[in-house]
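*Asks:* So you can see what is in the structure, the chains are spelled out below.
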Amino acid sequence: MTSYRVPNYMNKLVFLLVLVRPIWAQTTPSDQKAGQMSAIIARVKEAKARVAAAKALAQTTPQESAAKQHALTLAQSQLSRAISSDLLPYLQVAPQVPLQSFLSQIEEARIDKQVGSANGSSGSTSLVSKGSVPALLGMAVENGALTRSVSGTAISFTVRPTGVIKALMKRGYLRSGPVEYVREENALKPSPSETWYRLLNRASASVSFDANRGNSPGTFTASQQQISGYSFRYDIVNHRDPRDPIYFKKWVDLANTSQTQFATALTQLSAAMVATDAYKTWITQAELAIENAADSDVESAVLEQVGKFERNVLALPTLQSQLKNAIDAGNQFAKGRIALIERATKSPILEFEYSAARQSMAGSSTSTSTPATATTAIPDLGTFKLIVAGHFLGTSEITANLSGTIFTSIPKTLSVGRVRDFQAGAQTDIPLPEISDSLGKPTLTLSGLFLSLLEEPLGAAVSVNGQNVSRKGNIGFAQAKIEFKAKGTGVKVPLSVTYASRTELIKEKDVRASFGVTFDLDNLLAKP
Amino acid sequence: MRLSPTGEFLVTAGEQVCITLTAANTSNLAAFPAAPSCGPWSTPPPPAPTNPRTGRFIANGPIGATCVVDIVFNFVPDENGEYPGGAQYEVRIQGNPEEDSFSETVTPPPPVQARQYVFRTDRV
Numbered sequence: 001m002t003s004y005r006v007p008n009y010m011n012k013l014v015f016l017l018v019l020v021r022p023i024w025a026q027t028t029p030s031d032q033k034a035g036q037m038s039a040i041i042a043r044v045k046e047a048k049a050r051v052a053a054a055k056a057l058a059q060t061t062p063q064e065s066a067a068k069q070h071a072l073t074l075a076q077s078q079l080s081r082a083i084s085s086d087l088l089p090y091l092q093v094a095p096q097v098p099l100q101s102f103l104s105q106i107e108e109a110r111i112d113k114q115v116g117s118a119n120g121s122s123g124s125t126s127l128v129s130k131g132s133v134p135a136l137l138g139m140a141v142e143n144g145a146l147t148r149s150v151s152g153t154a155i156s157f158t159v160r161p162t163g164v165i166k167a168l169m170k171r172g173y174l175r176s177g178p179v180e181y182v183r184e185e186n187a188l189k190p191s192p193s194e195t196w197y198r199l200l201n202r203a204s205a206s207v208s209f210d211a212n213r214g215n216s217p218g219t220f221t222a223s224q225q226q227i228s229g230y231s232f233r234y235d236i237v238n239h240r241d242p243r244d245p246i247y248f249k250k251w252v253d254l255a256n257t258s259q260t261q262f263a264t265a266l267t268q269l270s271a272a273m274v275a276t277d278a279y280k281t282w283i284t285q286a287e288l289a290i291e292n293a294a295d296s297d298v299e300s301a302v303l304e305q306v307g308k309f310e311r312n313v314l315a316l317p318t319l320q321s322q323l324k325n326a327i328d329a330g331n332q333f334a335k336g337r338i339a340l341i342e343r344a345t346k347s348p349i350l351e352f353e354y355s356a357a358r359q360s361m362a363g364s365s366t367s368t369s370t371p372a373t374a375t376t377a378i379p380d381l382g383t384f385k386l387i388v389a390g391h392f393l394g395t396s397e398i399t400a401n402l403s404g405t406i407f408t409s410i411p412k413t414l415s416v417g418r419v420r421d422f423q424a425g426a427q428t429d430i431p432l433p434e435i436s437d438s439l440g441k442p443t444l445t446l447s448g449l450f451l452s453l454l455e456e457p458l459g460a461a462v463s464v465n466g467q468n469v470s471r472k473g474n475i476g477f478a479q480a481k482i483e484f485k486a487k488g489t490g491v492k493v494p495l496s497v498t499y500a501s502r503t504e505l506i507k508e509k510d511v512r513a514s515f516g517v518t519f520d521l522d523n524l525l526a527k528p
Numbered sequence: 001m002r003l004s005p006t007g008e009f010l011v012t013a014g015e016q017v018c019i020t021l022t023a024a025n026t027s028n029l030a031a032f033p034a035a036p037s038c039g040p041w042s043t044p045p046p047p048a049p050t051n052p053r054t055g056r057f058i059a060n061g062p063i064g065a066t067c068v069v070d071i072v073f074n075f076v077p078d079e080n081g082e083y084p085g086g087a088q089y090e091v092r093i094q095g096n097p098e099e100d101s102f103s104e105t106v107t108p109p110p111p112v113q114a115r116q117y118v119f120r121t122d123r124v
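Going down the list, the sequences are from chains S and Y. Going left to right, the first sequence walks through residues 1 to 528 as our numbering numbers them. Going left to right, the second sequence walks through residues 1 to 124 as our numbering numbers them.
Please note: incorrect hints may appear among the correct ones.
What the hints assert, rightly or not - Okay, the calculated beta carbon distance ranges per label pair:
id, chain 1, residue 1, chain 2, residue 2, range
1, S, L57, Y, E99, 37 to 43 angstroms
2, Y, G86, S, K412, 53 to 59 angstroms
3, Y, A35, S, L432, 53 to 59 angstroms
4, Y, S4, S, E108, 22 to 28 angstroms
5, S, K324, Y, P62, 25 to 31 angstroms
6, S, Q96, Y, G86, 27 to 33 angstroms
7, S, L393, Y, E99, 57 to 63 angstroms
8, S, N474, Y, G86, 19 to 25 angstroms
9, S, I482, Y, A35, 47 to 53 angstroms
10, Y, S103, S, N186, 18 to 24 angstroms
11, Y, G14, S, E184, 56 to 62 angstroms
12, Y, N96, S, I246, 40 to 46 angstroms
Just so you know, the hints here were simulated from the structure itself, not pulled from any lab data. Virtual Cβ for every residue (Gly too), placed ideally from N, Cα, C.
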């Protein structure tokens, strides 16, 4: 086993805390409030512009005066509604109101994405491939069906066949996505789609180009010479879209039970609130202040009114009973909504993937362990992979891969076997409880990998923990990593413990036997 | 029914108010309250996911009395946490007689929103 030089890490920890504090301080409560009030601020700006337009109308004749007055009334009504008609953001930013967020994990952060090269090709850093190919996301979307990602000189396109078909037939996201809403018995219901469509929709394919290949290195021509690889993926089991028809009844039940109770409690709170003099004073003054604010000051004017609403209206003793009922009902609805989304997005998936890497066409590559030259011919690769993922502890999920890589074309000058390697890996990301408002929720990642390298890699490197492996044999690797994220800054600080059967695979600076520990400040220092 | 500059709907005592909720590119998963604050629905809105859904009530009470309806809207995300383009709810409110027509749309984000409709009796 091992022992660690604690003082060394304590120094780093102190340094870290000194640095992190001012960075976290960049996300102020005011910023968070502005974020949560953003929809209201946008509506207020729009309504304010209408008020200004109405005020600018001519009124030289009695008819024009009447028309102007009518337009002004409508615009002021819209402004007033923009300020006050949605109570939820006001309740959510009020420190004295324990109303939880309505957002699920995936709505807050999209972590289940991996567009582009499959694991093993250059640019991929995950230990295991994650499931769920995005249907319509990417840096560029053509016809609502094709996704593109760029990494250095590598350009990847991912497509679902049904996405192309649908996009060519109709326009709009829904009609090219996995779920379509159709009218059935006086309701819009998510369509189960036809069998051929469902089966085809589970397939996705991608092709990757290397712009450094071909007759014009550095220029993307999409020629056959620049194709560096392609892959095919099929979702054998996948019900991860919360709009999937199998969850429809649950959504309807939620709407007709806890969501209705929430609407009822909110109605009772609103009724009690609008009857108070404090509310009448607040809305009158808020509208006046915001209407008179300069366009550049609208956000601060709204936030100022939010503070007044909290102090002068929400704090009224006569409202506390209705407020508590609304909070209880809101939390019940939020809990049900989030649970339903989590159930869908953590449901088991089973996917098969085949990916091919055209190494023999490469003129040169920075990611190869064996440089391809005129005198060193290297084989093409084919990788078969089975991906399984499902719910793990709490809200976490676990992903496991089984894969095998073969040489699909062996040059006559080489004497190697057909099978290059077998791999079995698993990874889970476990969100931990929030430490503080600014520190957010750290994530604990547990990962393990078994690799049996039967032949030297010959081309695309076999990578374990970011280290290339070229020596044949079996490798065992396990890592526990905890990552702290500072809210609103993008700063992530990881702390990891790693085991590897070969010590050269441990990147940590402090290594004892087969273990290593790191406290990586690079991410922190890389951010402004 | 008329609109006031303060965002309230001014109604005549005994006026029937009709609220219609229409979903587009999403199932109708909005929620009406069990009843307006001033009394039961004269015609209760059908349950979700009927589309469109219409609820009616009579604005009773003396001059100055208010009746409030809060509607809670829900948009279901896709597996990427995004909301489908074109998904929206349209709320249309009509009085009888209808002097000012009123309609508004609710679109995500955020996926959960509420709208408060305050009806104030200002005439008999």
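*Asks:* Determine for every hint whether it applies to the structure shown.
*Replies:* Each hint, compared with the structure:
no.	hint	in the structure
1	L57(S) x E99(Y): 37 to 43 angstroms	20 angstroms, violated
2	G86(Y) x K412(S): 53 to 59 angstroms	58 angstroms, holds
3	A35(Y) x L432(S): 53 to 59 angstroms	43 angstroms, violated
4	S4(Y) x E108(S): 22 to 28 angstroms	38 angstroms, violated
5	K324(S) x P62(Y): 25 to 31 angstroms	30 angstroms, holds
6	Q96(S) x G86(Y): 27 to 33 angstroms	38 angstroms, violated
7	L393(S) x E99(Y): 57 to 63 angstroms	59 angstroms, holds
8	N474(S) x G86(Y): 19 to 25 angstroms	53 angstroms, violated
9	I482(S) x A35(Y): 47 to 53 angstroms	50 angstroms, holds
10	S103(Y) x N186(S): 18 to 24 angstroms	21 angstroms, holds
11	G14(Y) x E184(S): 56 to 62 angstroms	38 angstroms, violated
12	N96(Y) x I246(S): 40 to 46 angstroms	43 angstroms, holds
Figure legend: structure checked against the earlier numbered hints; hints not met, in rising order: 1, 3, 4, 6, 8, 11.
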